[in-house]
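Could you build the full structure based on these sequences and the hints that come with them?
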Amino acid sequence: MTDGPAPSPPELPDAAAAALTDAERQVVAWLQDADVDADEIARRLLTDADRDQSN
Amino acid sequence: MRIEISQTDGTLPFIDQLPGFGIGQLEGYNGVGKSLTVSILEICAGVRPRMEKQAWRGLCQGMGRLTVTATELNDVRELEWVLDGTLLWEATAEADAAAPPQLEWFVDVRIGGRPAQSLDDVRRLFVVERLNGDVGLVEELAGRTDVAVRELEGFAARLLGSEKLEHVERDIGELNRLLNELSAERIAERAELAARRHAEREAAESVMRRAVDHRARLEDAVRLRARLDEISVRGAELDAQIAELDQRIGLLSPQRHQVGLDLDAAEAVTAQSEEVRTELASATRSYKNASTRLRNVTGDLARTSQIAGIGDGDDLVRQHAEFEQELIELRRRRLEVDAGPAVIDLIDLINPPLTQGAASGLADQPLLSAPSRAPSAWTVGEVADALLRRRDELGEIPSPRDAQSIDEHISALTAQIAALRAVERLREQRVKAAERQNDAQQRSRKLSEKLDASTTAHLDELRDARRALDDQLSELGGQRTVLVYRRDALGAPQERDALSGQLTGLLADLGLNDDEVEPAYAAALQAAEHERDAYLHVRDVERAAVADHERDVADVHRTVEALRHAQHGWLAAGTIGVPLVDQPLSEQLAALVRLQRAVYHADDRLTAFRQVFPGLRASLEAVADQLRGRTPKAAVRVEEVFDWLERDAVGWFSDDDFREALLGEAADAVAVDLRARQVSWRTAAQERHTKPIEALSSGERAFAFTQARLTLLQQRAGSVANRLITLDEFGAFVSVNRIRQLAEYLQRWRDAHRGDQILVILPANQDYEALARASDGAQAERYTRMARALHDREWFVEEFDAP
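Heads up: the protein sequence lines correspond to chains L and B, in order. Its first residue numbered 1, the first sequence is counted upward by one per residue in the working numbering. Its first residue numbered 1001, the second sequence is counted upward by one per residue in the working numbering.
A portion of the hints provided could be inaccurate.
Lysine to any residue pairs mimicking SDA-like chemistry, simulated, CA-CA at most 25 Å apart [as the list claims (entries may be wrong)]:
#: 1; chain 1: B; residue 1: LYS1633; chain 2: L; residue 2: ASP39
#: 2; chain 1: B; residue 1: LYS1164; chain 2: L; residue 2: ALA18
#: 3; chain 1: B; residue 1: LYS1633; chain 2: L; residue 2: VAL36
#: 4; chain 1: B; residue 1: LYS1633; chain 2: B; residue 2: LEU1261
#: 5; chain 1: B; residue 1: LYS1691; chain 2: B; residue 2: GLN1678
#: 6; chain 1: B; residue 1: LYS1164; chain 2: L; residue 2: ASN55
#: 7; chain 1: B; residue 1: LYS1164; chain 2: B; residue 2: ASP1146
#: 8; chain 1: B; residue 1: LYS1164; chain 2: L; residue 2: ASP22
#: 9; chain 1: B; residue 1: LYS1633; chain 2: L; residue 2: LEU20
#: 10; chain 1: B; residue 1: LYS1450; chain 2: B; residue 2: LEU1261
#: 11; chain 1: B; residue 1: LYS1164; chain 2: L; residue 2: ASP33
#: 12; chain 1: B; residue 1: LYS1053; chain 2: B; residue 2: ASN1030
#: 13; chain 1: B; residue 1: LYS1633; chain 2: L; residue 2: ALA18
#: 14; chain 1: B; residue 1: LYS1164; chain 2: L; residue 2: ASP39
#: 15; chain 1: B; residue 1: LYS1691; chain 2: L; residue 2: ASP33
#: 16; chain 1: B; residue 1: LYS1164; chain 2: L; residue 2: ARG51
#: 17; chain 1: B; residue 1: LYS1633; chain 2: B; residue 2: MET1051
A short list of chain B residues far from chain L (calculated; beta carbon distances all over 10 Å) [as the list claims (entries may be wrong)]:
#: 18; residue: ARG1057
#: 19; residue: ALA1148
#: 20; residue: LYS1164
#: 21; residue: SER1376
#: 22; residue: VAL1383
#: 23; residue: ASP1488
#: 24; residue: ASP1514
#: 25; residue: PRO1584
#: 26; residue: ALA1598
#: 27; residue: ALA1602
#: 28; residue: ALA1608
#: 29; residue: SER1680
Please keep in mind that the hints were generated in silico from the structure rather than gathered at the bench. Here the structure is a predicted model, which means the values were calculated and not measured. Don't be surprised by glycine CBs; every beta carbon is placed ideally from N, CA and C.
Next up, the structure:
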């Protein structure tokens, strides 16, 4: 018997998963991914934006 | 699990004890607190009960202080909550009705005896599911959106409040602020403007130089004409005057020679001794030397006086004072017309030590401080560079014609002042030369007095004649010197042909006739001044544009440097190219524009991301309102939410038990249209059936719907250690003949879900005393116990057993 399990990252609720766009879901996934730090997310946002601008 | 509730100070009743029956039966009269107890347990489980605000207020005001204790649990020894109605109301009065409970709603929450750090920790250990018998399928679907709102709130609060997201926003925000201060488009425009202004300035300078050159050539022509004129007219006059003087000198010179011979002969005859003759000869030489000196000084004085522009008797001191005053005035006017040369002189005076200081290690030391100006401090190196630059700028500007004229005037006046000083000296020298001549004359006279007295008068007469002739010759020599000087200033006569040739060639180049020179020169003077003014204006405009551009370049440089600063260090490893310090400006600007656009776009994306969740919540609420027959507020993702809810509902029907309970055996290909509120499916006979959704959960379908809802619980059972499922208000909707069927169903459920505890809440509408009399053994005892409990405290909890 323990005093409770360790906290886990929040899961995207079904309704949100269904209603968000791919880009929005992508940001959620990055924020939830423990292997992707904040600086890396900022870089990926810029990379995406740069790609969108050039398309 | 076993749940106990102790209450102090409250006015509302609660069920104080729920034993750990796998399937329990809570039965009691209306008003004993059956449903309120479940609501309290929902709050403890981290779910806000579905109730109107008025009912919520009543619950808060009437509950008093409650201590809820859950024991006999899986995964945890004990859970305990302390609730205070007043605190709960204060914490929730202003809160959204959909907001999930927070730790702040409770006086205390403990997990295993220790204070809970988060209500989510409790949610993972303890769940309360409430199935109300009076809730239909449409309301169940609407309730699904309520749950979705709560899930979304919890998720959004954790995600949007995460340090990670704030860190991302800080990265992008700080970069945005840095780049926002820079307008790459404006900088590019100003760079182009500076280049255009530079070209305009060069063109204006070229035009001005041509105009000044044209003026200079015409000036040469004018000067040549004047000189030729002087040589022709004035030169001839001077030549005639010189010739006349030469003639007069030519007449006097033989006379002077003869007087000298006569005097020598007379002195030789008269002198009786060799010693006297020697002395006389010496005195005569002294006289000649003094006379020659006097003549030379007189010539020099005459020429220098001519240069100084003064007459023989003019007062030198007064004249000098006048010249100095005039010089001061000229220099003042020169500064008014053009201070450039004076500033250049000043720079040449102060800059060498600065340049030397900068070269010997002081370049970066602050030299000037002006807090109210920008920049507020200048280093030694910057001041030295700025002075040299200013010197170059001043050197590029030709002096205005007035300034040139004043310069010539100053130059002439300076020469006059110098000549004036020479005149003063020469006047003194002439006086001394005259004195020496006089002394020599006197010496000769005294020697004569020692000789024969009868010859003294004759000798004096000869000497006086010699003196008079010398004086005349000296005077004429001085006059001739002045004339020759003036004649020489005009140029030698043989120069005339050369000057004439020059003038002819110059006029041919200029395309002018001789009589056109003067008006052309006047026009050229005017044109040169006009082009000079135009150039100065264009140069000022260029300077302003260049200054803007240089400030921009400094800004770009600072920005490029800042991008490499630790604050933006994360960017250096990115895929977007960061401009390099040593790149050309155009490439730096191109990189900055690209980065700027990406940052704006990323910033917008992050801002929109934060707004997604409130927007989605509004959409969920709008769909719930629409399902409940209320007028929904406008929202943006309603269609997506409807699609999701329809898929969710279709998912319910994918469960065989659920589908069979509501649609019958062999139903498949179920489709849900929430906008039309219809469900359609295919029967075993391959026929398509359509029904209103409400019809699936009303009337005789109520029990089937209860089964169906339990099935839904199975779908979202997850891995919760302890779950209490309450079936409330079922007595009125599930007919008595179906209760046993429900009991069997629940038992099967319980067998399959050992972590679940089920509590069926029923109204007290059975006559247990009569049932006890009609029974025997343990069943009779059970009914008797139930009858007594209802009599004593109006409710009881027993193991569920359908009558």
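Against the structure, the hints:
Our distance criterion of 25 Å between C-alpha atoms is broken by B/LYS1633 and L/ASP39, whose separation comes to about 38 Å. Restraint check for B/LYS1164 and L/ALA18: the C-alpha separation of about 24 Å stays at or below 25 Å, so the hint holds. This hinted pair does not check out: B/LYS1633 and L/VAL36 have alpha carbons roughly 38 Å apart, beyond 25 Å. Among the hinted pairs, B/LYS1633 with B/LEU1261 is inconsistent with the structure: their alpha-carbon atoms are about 143 Å apart, more than 25 Å.
This hinted pair checks out: B/LYS1691 and B/GLN1678 have alpha carbons roughly 6 Å apart, not beyond 25 Å. Under the criterion of a C-alpha separation no larger than 25 Å, the hint pairing B/LYS1164 with L/ASN55 is inconsistent with the structure, at around 29 Å. For a cut-off of 25 Å, the pair hint linking B/LYS1164 to B/ASP1146 is broken: about 28 Å separates their Cα positions. Distance hint between B/LYS1164 and L/ASP22 is fulfilled; the C-alpha atoms sit about 20 Å from each other, no more than 25 Å.
For a cut-off of 25 Å, the pair hint linking B/LYS1633 to L/LEU20 stands: about 20 Å separates their Cα positions. In summary, the hint linking B/LYS1450 to B/LEU1261 is supported, as the alpha carbons are separated by about 21 Å, within the 25 Å threshold. Distance restraint check for B/LYS1164 and L/ASP33: the Cα-Cα separation of roughly 11 Å lies within the 25 Å cut-off, and the hinted pair is therefore satisfied. The straight-line distance between the Cα atoms of B/LYS1053 and B/ASN1030 is roughly 21 Å, inside the 25 Å bound, and the hint therefore holds.
A C-alpha spacing of about 21 Å is found between B/LYS1633 and L/ALA18, which places the hinted pair at or below 25 Å, so the restraint holds. Pair hint B/LYS1164 plus L/ASP39 holds up; C-alpha atoms about 9 Å apart against a cutoff of 25 Å. Distance hint between B/LYS1691 and L/ASP33 is unfulfilled; the C-alpha atoms sit about 44 Å from each other, more than 25 Å. In summary, the hint linking B/LYS1164 to L/ARG51 is supported, as the alpha carbons are separated by about 24 Å, within the 25 Å threshold.
Of the pairs offered as hints, the one joining B/LYS1633 and B/MET1051 holds, with about 20 Å between alpha carbons and a cut-off of 25 Å not exceeded. Annotated as non-interface, B/ARG1057 keeps its C-beta farther than 10 Å from every C-beta of chain L; the closest such distance is 29 Å. Not every CB of chain L is more than 10 Å from the CB of B/ALA1148 (nearest about 4 Å), against its label as outside the interface. Not every beta carbon of chain L lies more than 10 Å from that of B/LYS1164, the smallest distance being close to 5 Å; the non-interface claim is violated.
At the 10 Å boundary, the C-beta of B/SER1376 stays outside the reach of chain L, the nearest C-beta of that chain being 35 Å off. Separation of B/VAL1383 from chain L is adequate, the least Cβ-Cβ distance of about 42 Å exceeding the 10 Å criterion. Once the 10 Å rule is applied to beta carbons, B/ASP1488 is consistent with being away from chain L; the minimum gap is 83 Å. With a closest Cβ-Cβ approach of about 73 Å to chain L, B/ASP1514 is found to remain outside the 10 Å limit, as its non-interface label requires.
Look at B/PRO1584: its CB is around 21 Å from the nearest CB on chain L, clear of 10 Å, so calling it non-interface holds up. At the 10 Å boundary, the C-beta of B/ALA1598 falls inside the reach of chain L, the nearest C-beta of that chain being 4 Å off. Here B/ALA1602 does not stay apart from chain L, with its beta-carbon only about 4 Å from theirs, under the 10 Å limit. With a least CB separation of 8 Å from chain L, B/ALA1608 falls inside the 10 Å interface cut-off, contrary to its annotation.
Listed as outside the interface, B/SER1680 is consistent with that label: its C-beta sits roughly 21 Å from the nearest C-beta of chain L, beyond the 10 Å cut-off.
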